[in-house]
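Line by line, the protein sequences are chains A and B.
Throughout the first sequence, residue numbering follows this note's numbering, covering -14 to 230 in sequence.
Throughout the second sequence, residue numbering follows this note's numbering, covering 2 to 384 in sequence.
Just so you know, not all the hints are guaranteed correct.
If you want the footprint, here are the derived chain A segments under chain B, 3+ residues with CB under 8 Å [to be verified]:
#, region
1, 11 to 25
2, 32 to 44
3, 58 to 65
4, 122 to 130
Label pairs and their in silico Cβ distance ranges [said to hold, decoys possible]:
#, chain 1, residue 1, chain 2, residue 2, range
5, B, R113, A, G27, 30 to 38 Å
6, A, T(-9), B, R85, 57 to 65 Å
7, A, H(-6), B, H261, 41 to 49 Å
8, B, D278, A, Y109, 52 to 60 Å
9, A, G206, B, E111, 44 to 52 Å
10, A, T226, B, N200, 29 to 37 Å
11, A, Y109, B, P108, 44 to 52 Å
12, A, D(-3), B, R94, 31 to 39 Å
13, A, G27, B, L109, 35 to 43 Å
14, A, T219, B, N114, 55 to 63 Å
15, A, Y109, B, N114, 47 to 55 Å
16, B, E111, A, T219, 19 to 27 Å
For the record, the hints were derived by calculation from the structure and aren't laboratory data.
We put the beta carbon where it would ideally sit given N, CA and C, even for glycine.
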Amino acid sequence: MRIDATDLHYRDLNAKVRAALEAGERELVIENARGQRYIGTGVTCPQAKIEITGIPGNDLAAFTSGPRIVVRGNAQDAVGNTMNAGTLVIHGDAGDLLGHSMRGGTIYVKGSAGYRVGIHMKAYGQRFPVVVVGGAVKDYAGEYMAGGLLVVLGQGVPRDQSVAGRYVGTGMHNGEMWVRKPISAHQLGKEVGLVPIGDAEWEAFHGHLAPYGAEFGIDAGQFKRDDFVLLRPTSHRPYGTLYVY
Amino acid sequence: MDVQPNPTKEFALSRGERDSAACAIAGVINEQGRRFNGERIIRMIANMHDRSNGLGGGFAAYGIYPEHKDLYAFHVMLDSAAARENFEEFLRRYYEIETEEVIPTAPLREIRNRPILRRYFVSLRDRVLGEHYDLTEQDLVVRHVMQVNGQIKGAVVFSSGKNMGIFKGVGYPEDIGRFFRIEEYDGYLWTAHGRFPTNTTGWWGGAHPFGLLDWAVVHNGEISSYGINRRYLANFGYHCNMHTDTEVITYLFDMLLRKHRLGIEEACVALAPPFWDDVERMEPERRELVRGLRITYAGALLNGPFSVVLAHSRGMIGFNDRIKLRPMYAARRGDELFIASEEAAIREVSPELDGVWQAEGGKPVVCELKVPLDAPEKEPARA
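So that you can see chain A by itself, here it is in the shape it has in the complex (with noise of 0.2 Å):
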């Protein structure tokens, strides 16, 4: 079913996805996005495929539980708020704040994103969210990140630039993230380290690669073990003693 966005607020639009829904229908293409808000908020059907095209607007897919939803050029900020599970596919680039407090699911996206990736992502029981960046990110990637992996592969970018910003993992506490090399100490938080990556690291590692290098035609196995550095928080409590005097 293809839903026409053109003039329509957020609010009328949405209600159309959430009708036709409920109505049976599981395959949704909604063109002409101009920036509406919320597009498949807390929709819970994992069997429904959402494609978009246009610009969705801010905290597109936020609490979304499920369907599959796939942006044919770039997005904007708090993408993936609190998303619960489901699969999020941006072909272009994503803003700021992308997976913010994510809590399960998966988000590609064949750009770059901006500042704030992945801030307080979480992970709990068999909830593992897992956010896989093409190009770079800017500051603060995954600030006070509790969980989950997060991941910046850097294509496109020249192998002696980094593809972090600063303040990377400040606030850390559980979860890792992988970042193609070159980074600096000095872009590190306080709250992570650099760990050495084992066979056992490298291989679940890898395992996630395979299903983002099909969704965007790319062989994963260009991606080399040596390519990258793995972070993980050196303190599950960081801020543990911070009142305590």
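Since the structure of chain A is provided, determine the placement of chain B on it from the hints.
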């Protein structure tokens, strides 16, 4: 910002419904100086309608008064006939008034409690300039604007540049645009603001842009350092009367760029300097420059989250806080540069773009006209 309400500006306070949002900012410039009407900037800011809550909207337009391009265009809000009388008496003391008129408006149901809105095209009397050999004409205009806004009850000069004008008030920005009929003006540079006031009331003078001479600032965020900046500026003759934090940005830019003759890049370093540990890693020459700016202009440092568009006769600058706590997208298409809080607002008027990117924290996006201002008038390009 929690600022004492100024009892002399009573008009048109308004309260609307509360909604979850943030401010919206937008700008577009044709760097060849070709003029276009206000239709597109209205569409840009209207696309972000949900970011504001109806308590303020406004526009700045450059190149709109070519027939009066050598005169200061004062746009004034007045809350009574008495305020008008007092203001005009003040104005005549210092200025020759070439033309005065009401600012044309369209009756709009959404726009209520409007003040009297008038504009005056004026030149400073030679005698006045002669009395102040150490002050430039622009210094005197700044001084007079401060005097009106601080001392004349019920009068606010909200635009004081040449061949440019600010149009603003309480309402959603697209309604304010229709109210002021901005689609009937042709300019080469337009900025816009949709307000979601967080710390001060929505009143007509508190809407953005905030202007002084030909500077116009639109701002999303808040300036936590307002108190420090305000006291610092008072040392240099700038007095804050608009009950909101944004006006310090306008005055700081005027001081740094016009009075102290810093370059745009240096001014932005002074206002949003790199952190000290980043300064330490710089090349020695750069390090000394940045260190000097930080120390010299400690009182000008803007703290808190902000994204800002500064417009002036020669160009447009997008500018973010150091840690990028507010959104800003920029894009190019041909001779035009766009800046907006959301990419969608840019795509609304230019679906195809040569390039679109996110501005970085503390690093300005700068666009300057590529033609002299006095270039022969080009045919307006219609939107």
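To see whether the hints hold, each was checked on the structure:
Given a C-beta distance limit of less than 8 Å, the hint that chain B covers the region 11 to 25 of chain A holds, as 4 residues qualify and 3 suffice. Three residues within the 8 Å Cβ limit are the bar, and the region 32 to 44 of chain A against chain B gives 4, so the coverage statement holds. Figure legend: the region 58 to 65 of chain A, annotated as covered by chain B; annotation consistent (3 residues with Cβ-Cβ distances under 8 Å, at least 3 required). Counting residues of the region 122 to 130 of chain A whose CB falls under 8 Å from any CB of chain B gives 3; the rule of at least 3 is met.
R113(B) and G27(A) have their C-beta atoms about 37 Å apart, which keeps the hinted 30 to 38 Å range intact. As the Cβ distance of T(-9)(A) to R85(B) is approximately 46 Å, the hint placing it in 57 to 65 Å is violated. A beta carbon spacing of about 47 Å between H(-6)(A) and H261(B) agrees with the range 41 to 49 Å that was offered as a hint. For D278(B) and Y109(A), the Cβ-Cβ distance of about 35 Å falls outside the hinted range of 52 to 60 Å, so the restraint is violated.
Distance hint check: the CB atoms of G206(A) and E111(B) are about 60 Å apart, inconsistent with the given range 44 to 52 Å. Remark: the range hint 29 to 37 Å for T226(A) to N200(B) is upheld by a beta-carbon distance near 34 Å. The hint said 44 to 52 Å for the Cβ distance between Y109(A) and P108(B), and at roughly 58 Å that hint is violated. Between D(-3)(A) and R94(B), the C-beta spacing of about 56 Å breaks the proposed range 31 to 39 Å.
Restraint check, G27(A) to L109(B): a C-beta distance of roughly 36 Å satisfies the suggested window 35 to 43 Å. Take T219(A) and N114(B): their Cβ atoms lie about 58 Å apart, and the range 55 to 63 Å holds. Distance hint check for Y109(A) and N114(B): the Cβ-Cβ separation is about 52 Å, which falls inside the suggested range of 47 to 55 Å. The supplied range of 19 to 27 Å is broken by E111(B) and T219(A), whose beta-carbon atoms lie about 56 Å from each other.
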